[in-house]
Structure formats: C-alpha cells, structure tokens
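Protein chains: 2
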Amino acid sequence: MKTYLECLPCFLSQALRAGRIAMRDERAIKRLLDEVGMMLRDIPLESTPPESGRLIYQKVSEMTGNPDPYREIKQESTRAALARYSGLKEWVSRSEDPLLAAVRVAIAGNVIDFGANRDVRLAEEIEEVLEKDFAVCDDTRFRDGLRKAPEVLYIGDNAGECVFDRILIETMGKPVTYVVRGRPIINDATREDAVAAGIDRVASLMSSGTDAPGTILHTCSREFLRVYRQAPFIISKGQGNYEALSNEPRPIFFLLKVKCGVIARDMGLREGDILLKGPS
Amino acid sequence: MKTYLECLPCFLSQALRAGRIAMRDERAIKRLLDEVGMMLRDIPLESTPPESGRLIYQKVSEMTGNPDPYREIKQESTRAALARYSGLKEWVSRSEDPLLAAVRVAIAGNVIDFGANRDVRLAEEIEEVLEKDFAVCDDTRFRDGLRKAPEVLYIGDNAGECVFDRILIETMGKPVTYVVRGRPIINDATREDAVAAGIDRVASLMSSGTDAPGTILHTCSREFLRVYRQAPFIISKGQGNYEALSNEPRPIFFLLKVKCGVIARDMGLREGDILLKGPS
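For the protein sequence lines, the chains are A and B, in the order given.
Under numbering that gives the first Met the number 0, residue 279 is the last one in the first sequence; the count climbs by one each step, no gaps.
Under numbering that gives the first Met the number 0, residue 279 is the last one in the second sequence; the count climbs by one each step, no gaps.
It is worth saying that the hints were derived from the structure and are not from the lab.
Listed next, the in silico DSS-like pairs over lysine-lysine satisfying Cα-Cα at most 27 Å (straight line):
| # | chain 1 | residue 1 | chain 2 | residue 2 |
| --- | --- | --- | --- | --- |
| 1 | B | Lys88 | B | Lys258 |
| 2 | A | Lys29 | B | Lys58 |
| 3 | B | Lys29 | A | Lys1 |
| 4 | A | Lys58 | A | Lys258 |
| 5 | A | Lys58 | B | Lys29 |
| 6 | B | Lys58 | B | Lys29 |
| 7 | A | Lys29 | A | Lys58 |
| 8 | B | Lys258 | A | Lys258 |
| 9 | B | Lys1 | A | Lys29 |
| 10 | A | Lys258 | B | Lys29 |
| 11 | B | Lys258 | B | Lys58 |
| 12 | A | Lys88 | A | Lys131 |
| 13 | A | Lys258 | A | Lys1 |
| 14 | B | Lys258 | A | Lys29 |
| 15 | B | Lys88 | B | Lys173 |
| 16 | B | Lys88 | B | Lys147 |
| 17 | A | Lys29 | B | Lys29 |
Between beta-carbon pairs, the in silico distance windows are:
| # | chain 1 | residue 1 | chain 2 | residue 2 | range |
| --- | --- | --- | --- | --- | --- |
| 18 | A | Arg40 | B | Glu247 | 35 to 43 Å |
| 19 | B | Asp138 | A | Asp96 | 58 to 66 Å |
| 20 | B | Met37 | A | Arg142 | 49 to 57 Å |
Quick reminder that beta carbons are idealized off the backbone N, C-alpha and C, glycines included.
From just these sequences and the hints, can you work out the full model?
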C-alpha cells in the first residue's frame, strides 16, 4: 500500500505520541516534531507507510536516546493480555466453530496498537471484535489452505497481541513459525515479547530482521526471505504488515482490524471493520 | 492561548484540507505539506494557534496561487445558513428567554468551521447545540453588561455563521459594530460574507484588518484597535478569536463551541461543550 497524503499529519501525531512517552521536556518534544516535519519532504508517496514509520521512529530513538521507548508499555500489554488468556481459551473451546473463533481472538488482539490507536479500552474493544460481523471473511479458503499446508508462517504484529495469536496457533494444530521484528519499533513484538507471551512454547520463533513497523521485505534478513518465499501458508497480522505485504503474490491471509480511514479507503472498507482476507 | 504540541499535526491536517480544496494534483499538495512541515520549526509554542494558522494559510495561498480557496464553500455556507434563518428567528421569538435562545443560535452557527471540523452535518449539529446544556453560562453578567452598554462590538468568526449572529444582533436591540477579517483566511467571514448574510442591514461593519483566523491584535489595524480599546461590551465568536483574545483584560464575552481537545484541555472543559463565558 502506498503512503496517502493523510498519512503525513498522522506521522507527526505518532512522533508526538512517542515523544511524550520517551521525554518529559516539551521543548525537546517540539524539537523532535520540528525534525519530523522536515523529514516529510523526503517521504515519497510511493513508499509504504511502515517504510516512513521506520524512518520517523528511528528519529524518535535518535533524539530521545532511547532505542525502545515502548518497552514498559509492551510489558504492560503482555500482562494485560495474559490475564485474559484462560477466559478466551475457554470461549474458543466452547464455540461452535473453534477455528473461526480463534481467528476472531487473534484479530481482537490487534486492538493493542499504540501506533494507530490513542486510547485502548482493551476489554471493551475485545468484546466488540469478538461479536462483530466480518467485513471480509475468506474462511473457506483459509480452512482449505490450512488443511493442506504442512506448516504455517505466522507474521506477528504487536506485543500483547502475541498472547491472542498463541490461542490461534494452539487451535490450528499445525507446526508454526512465528515471526517477530528484528529490533524494537513502536510496540511491535520482538523475540522478548513473544517469549513473554509464551509463543515459544507453541511455535518456533524467527526474526524477520526488519526494524520497521511492518514486514518491508527489503529490510528483512536473507534467512527470513528464504523461509517467506517457500512458505505454503502465511498469516499476516495487523495493519503494518498489511501495508507492507498487500501487493505480494504469496499465499497470505491477512487478519486485521481496520484502524484508520486511509486503510479503509484503500481497501474499500470502513474504520473498525474486521477481516480475514485471503490472497487475491 | 499558547500553541500546544498537539496543534502541530493539526496544522498539517489543515494544510492538507485547504490543499485538497485548492488543488487537484496530489504531487502539488504533497509539496505544500512538505513546505508546511518545514515551517513547523519556525512556530514557537509561545505564539497563539491563529498566529501559526495565519502563516500556514499564507503558504497555502502562495503555493496554490489562490488567495481565497474557500470562497465557494463560504458562499455555500451562507446559502445553507440563510435557508434556516426564518425557522431560527421563530424559535427564538417563541422561546421563554429570547436573549439566551439567540445566544444559543449564535453558538450553533459556530459549528460551521472548516478550520477545525472535517464534516459538518449542519442540521444535526445545530439541533444539538440548541438543546445542549451550557458548560459555562455567565448569562447574568452578560445581561447586566449588555443592559448597561450603549453599544456592542461583535467580533465575527466564520462565513455562514454570520447569519446566526444576525439573529443575536436583532435580539439584543443595541447598536452593534460587527467585525470581520481584513482578508480571506480559511472560511472566516470577510465584509463580502457579512453582507451576503445581511449583517449590514442590522449593524455597522468594520474590518479588524487582520489576515489571521483570529483577532491577533498586532495584526489588526489602528482603527480597529482604537475601537476595540474603547468598547464597553465585546462579543467574541469562536475558537480562533478565543485563542487570540483569551488573555486580554477587556470586557469580552466569548461565545463558542469547544471543537478540539487542545482548547478543551486549556479551558478545563470537554470537546463539544458550549460556552457563554464572561471576562475573568
């Protein structure tokens, strides 16, 4: 997905949010926003939003001197998600269609996102996703593909959300390689966050090598690219991965909640819509 | 009121909205946003938001080659407001307290604002304001001040809104000088818009001389400043004028709807609140 003009003010808002998390001094945050403002001219509309997000959060890290300003927030998200693990497991197992229920749970976990969302009223938003109709639901193709695939490449998104992914992984009952970012970026899941969520107990962990808030292939490691190109069945979580991979000719199923008007317009959907969208 | 960090992404959003109105070419709008991005470092947090808005909309005019991109929108706003004139007049005259009802009408007109609001669902928002409780209602002081004042200086805000102001002017029954901006800026009312609304039939018109979206005194004409400094009773409409005049030691009554989180925080109120706020 390309960068839309509406993404530019949003980049500035994101820098402000990250700046407020990493710094106390208003003047220092102002200087950060000044710098990000000057970076906008170097952001071509042809690049994907996570490519630009990567540059902006690099600037945040550089100016705050903090390579991982969201660390505590991520730990808190994981704790909050773990507290809901048993309840959601039970909800899935009691469901008439546990696989689709677990897909819903994984999408519900996607509400944890400090890049796109300001306030996350976790409990409320999770309930909403669990009960919402799918705007796109390629579940037949998903079941088919999953049944035939010997293994699953599962590209994770945010910390905390990993706990919800774990429930889908456990429900699918297939060997899974779970992909995390190569370095901290916003609240995206790194190896540390996946381990804290217990993913290492149910899947192999692999880093994509990227330092971007989305799986931008040219920033990924060779090792990841080799695995990605051979993967028979891929699950991609969240907006950042969608933005980076939406034009890829691979067997990717995108699980996400539409969190901003720009993506909604790009997909012909509405903000708040939830999707299980297969390869086109 | 000072500029908050949250105003900076908003300035960029405003430039985008104005760019979309004035230009078709995405590349040209991108160049505008690049320029505005680079201007952010020259915006001190000590300046008021309309001072910065002024610089940004100057850039919009410069880059679009259009000194008045909102002209048609303003004309459309005036037409839409005039269509509601008789109905609102009747509502005021039937009201138990016509003066406070007319104050409500004037505040309701303030929902017409393409600077702060994206979509204006006019009819719906007007109804809402007419029925809403005041968050601040210094109506006793307002009545007192108005009764004693030989004349009123009424500082207008947006085109279209003028029609609603006219109803308050007609209800107050005092000689009124109605102040418009000196040059087109966003959808703010100029002399042309006030005349289209029929204000010239019920009040004297005067330009403040400013080219800012708010009455920033150092950008106003000497003639206006002379009148302003002697005015015994002043009505100030809308956020832009509030932002510019909130710290002024003058007998100003602010009539506005709080349209953004930043002003809400600054005033200790909530977005959507309506106010008739006297001098402190």
